[in-house]
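The residues making up each chain are set out below.
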Amino acid sequence: MGRLDASQLAAQACTRNGGDATRLLQVLIDVQEKAGWLSAELISAVAAELGVPRVRVEGVAGFYSFLYTEPVGNYRVLFSDNITDRMLGAPELMDALCGKLWVERGKLSEDGLVSVDTTSCTGMCDQGPALLVNGRPLTRVDHRRVNQIAELIRRKEPLYAWPSELFRVDDNIRRRDALLGPDQRPGEALRAALTRGREDWLAQMRLSNLRGRGGAGFTTAVKWQACRDAAGADKVVVCNADEGEPGTFKDRVLLSSFADQVFEGMTLAAWAVGAQRGFLYLRGEYRYLLDHLQHVLARRRSAGLLGNAILGETGFDFDIDIHLGAGAYVCGEETALLESLEGKRGTPRIRPPFPVTHGYLGRPTVVNNVETLAKTTLIALHGGEAFAATGTAQSTGTKLLSISGDCAYPGIYEYPFGVSIEHVLEDCGASDVQAVQVGGASGMTLASYEFHRRIAFEDVPTAGAFMIFDSSRDMFEVARNFVHFFAHESCGFCTPCRVGTSLLDNYMNKLASGYGAKMDLADIEWINRLLRQSSHCGLGSSAPNAVVDALVKFRPAFERHLRNLDFEPAFDLNAALAGARTAAGRDDPGAFLDREQETTR
Amino acid sequence: MSRQFLFDGQPVPFEDGQTILQAAHAAGHYIPHLCWHPDFPPHGSCKLCIVKVGGRHVSSCALPAKEGMEVESNTPEINGERRALLQMLFVEGNHFCPSCEKSGNCQLQALAYDLEMLTPRFNHFFPDRPVDASHRDMLLDFNRCIFCELCVRASRDVDGKNVFALTGRGIHKHLAVNAESGRLADTDFAADDLAANICPVGVILHKRVGFAVTIGKRKYDAKPIHTVALEEGE
Ligand SMILES: Cc1cc2nc3c(=O)[nH]c(=O)nc-3n(C[C@H](O)[C@H](O)[C@H](O)COP(=O)(O)O)c2cc1C
Ligand code: SF4
Ligand code: SF4
Ligand code: FES
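Protein chains in written order, with the working numbering: chain G, 15 to 615; chain L, 7 to 240.
Just chain G, same shape as in the assembly (with noise of 0.2 Å):
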């Protein structure tokens, strides 16, 4: 591209932003959705469009995953790497799309054509493996429509011509209750809290008791009044799509057949602070729902649910404006999604201040679960008593959990809070059970001594994943899935995690490519600790979880990994000579040196 047209481009996407610096992350997916990747004429070019210095651009650019700075093919596959599309067999598909198209996993083809990698988890989980093909989630690979794929690529068939099955997503809602039961009428939520006053709303709220389902469980009447309270008259409501916790996948659910209930929970959340603006935050991954997101918000204008005063209510103005996310769990964080909304790096800030007090562009914010606020509905229709009914004391109301890996019926379960998890593994199909992660990623893993234990605050608290390990699972190399997650995904600003979540990842290597030693394990338990203490925010602190509860609960799949010496070497001779068989073109046992050898020696 030459730089009149990067200018020119650029310059069309600044349009289509209003020229808004805050703005930044969605001109440059803009960008890129018409010219594939960001040259440095785009960076360039964008960076004059908006006024803003060229590096600040660069540095955006860098910190997304689904930003391309570097030239792309065509056609960009990326498998979903969670432990659950691994378990259904994502590697082996893609080393088979790899071998049919000719490519090196994440190099681009010689033909510039195509490119096949890994990126986090999708949140199909249910339907898995799945990829993205150009950011559209393709479900169910198997090596028939692996082949169908590479055909497909090979014949340089354009995206809107393949055929839609291979892009069905389905909800798989397999247990309903209060809040995917009954049907609800946009606006009839809406229309009893207006009825009722801001005041008793507010109160409500509070009676239900209702706390975030995003995986903090902060009580959100609380939130909610603070924000009220603090000084500031142009408050902001934020909804968090970026549902980035591997294995978790209910958010997607309610965007796709319940965004009303969505829009309608931040509209109450916007009646109850006072605000005028309303951000959903959508993770890139789910792009594909933009034009039925925006489609709902365009119905529930005109009727009257959204825009200057609501259900004709004066004063009450209040709309949502959606942005992309770009590929980085760390912006699930409140803050950093604060930063990404604001066209910035995704690096979360120094609390205190909180967002209900500084939050976007330092005004007052609220920041609330996608679940959180679908729920707040039901609160509005029914009261807080009502709601504070089902649930536990600590823990009022229903939860939905995404259920994924070993079982008959992978998909989405609302219950009430305090269901146990064998009740759980029980209704889902799931047999010979040896452990459960649940809340993802950052979450804890059960063992089946544990499993009488019930999904609680006050006792396994869950943003929603709950993935199922049967007996021939190897619980080392799920604890080393989600620490290669980890390190991925470390926005890299404090030291711990940035360095600790890599060092971890090595270590976790070191021990499946059979060098690991007892030492190691001391040293990740070293790592661990600092991670959990010193890091900057949730995704450091809580990235050795998975780690600790394996060491505890399965040491002895971390042992079998272990060769029986008390001491080895850092070096290992067979990866440092890598370079050199690579430059040799060889690949035979005669370049590799012997183990058995090396042990008895």
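Rather than coming from a laboratory, the hints here were simulated on the basis of the structure.
Ideal placement from N, C-alpha and C gives every residue a C-beta, glycine not left out.
Do not take every clue at face value.
Ranges between beta-carbon positions, derived for each pair [said to hold, decoys possible]:
hint : chain 1 : residue 1 : chain 2 : residue 2 : range
1    : G       : ARG569    : L       : THR125    : 23 to 33 Å
2    : L       : PRO19     : G       : LEU375    : 31 to 41 Å
3    : G       : LEU18     : L       : ARG127    : 30 to 40 Å
4    : L       : PHE131    : G       : GLY103    : 26 to 36 Å
5    : G       : GLU202    : L       : ASP45     : 52 to 62 Å
6    : G       : ILE364    : L       : PRO133    : 25 to 35 Å
For chain G, the structure is supplied; the task is to place chain L with the ligands on it using the hints.
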């Protein structure tokens, strides 16, 4: 009325808005730090300044002091953790202290001595980070960057130039300069910018002044960093 908190068992007075680190320093108690600088708002990235308050680890450079807090800082536990953080910074980059122009003036090295870091403990990453010698007066040796962003902040907030920013993510994060060519020579960077004189380690160096002061006679050679920092208000 002056309010106070307990720092390693000793009362330390503080004023509204002061962080734990500021109040401690004012009272003559040193807390190790790398990304904090007295002339800038707290950054919070290096985590060398961690202390324990009520059993929880917090960044003392960022957390406002509160009446009655009990802060633990100079303890074997916390210093052990700080040492490990230093080890992480050392293995992440390429630090060949004996041949580094910053040796003796480097805060990373000085802290490593002060906290008795004797080995790197972890495996080195040996990243490939080419130097940028394009500028007439200045040299960038990225091998030593600890991502404190002091140069970024100084250039943006004081020099008004935005010469630097970080790009990449996680362990691949790195410093970039404000030029399409990626070369420092193509920016408006100047040797008397604050950003040219603020790097706590040996990344941003002045050309033609190498080893003007011999090793052994430098800032942290005579006195340890915990003394120098308090004397000079750093
Ligand atoms: C690394 C990290 C990732 C997170 N990802 C999400 C996410 O994808 N969705 C979400 O709602 N909350 C996520 N959170 C929690 C948010 O910071 C925040 O607590 C939440 O959005 C608040 O909403 P709630 O009170 O309704 O749960 C994440 C937190 C961390 C530390
Ligand atoms: S803990 Fe990790 S993700 Fe969080 S700020 Fe530190 S480096 Fe970034
Ligand atoms: S170059 Fe120096 S001042 Fe700039 S971020 Fe790196 S270590 Fe900090
Ligand atoms: S000095 Fe506090 S985090 Fe760096």
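Query - Hints violated by the structure (listed by number, smallest first) - result: Number 3 only.
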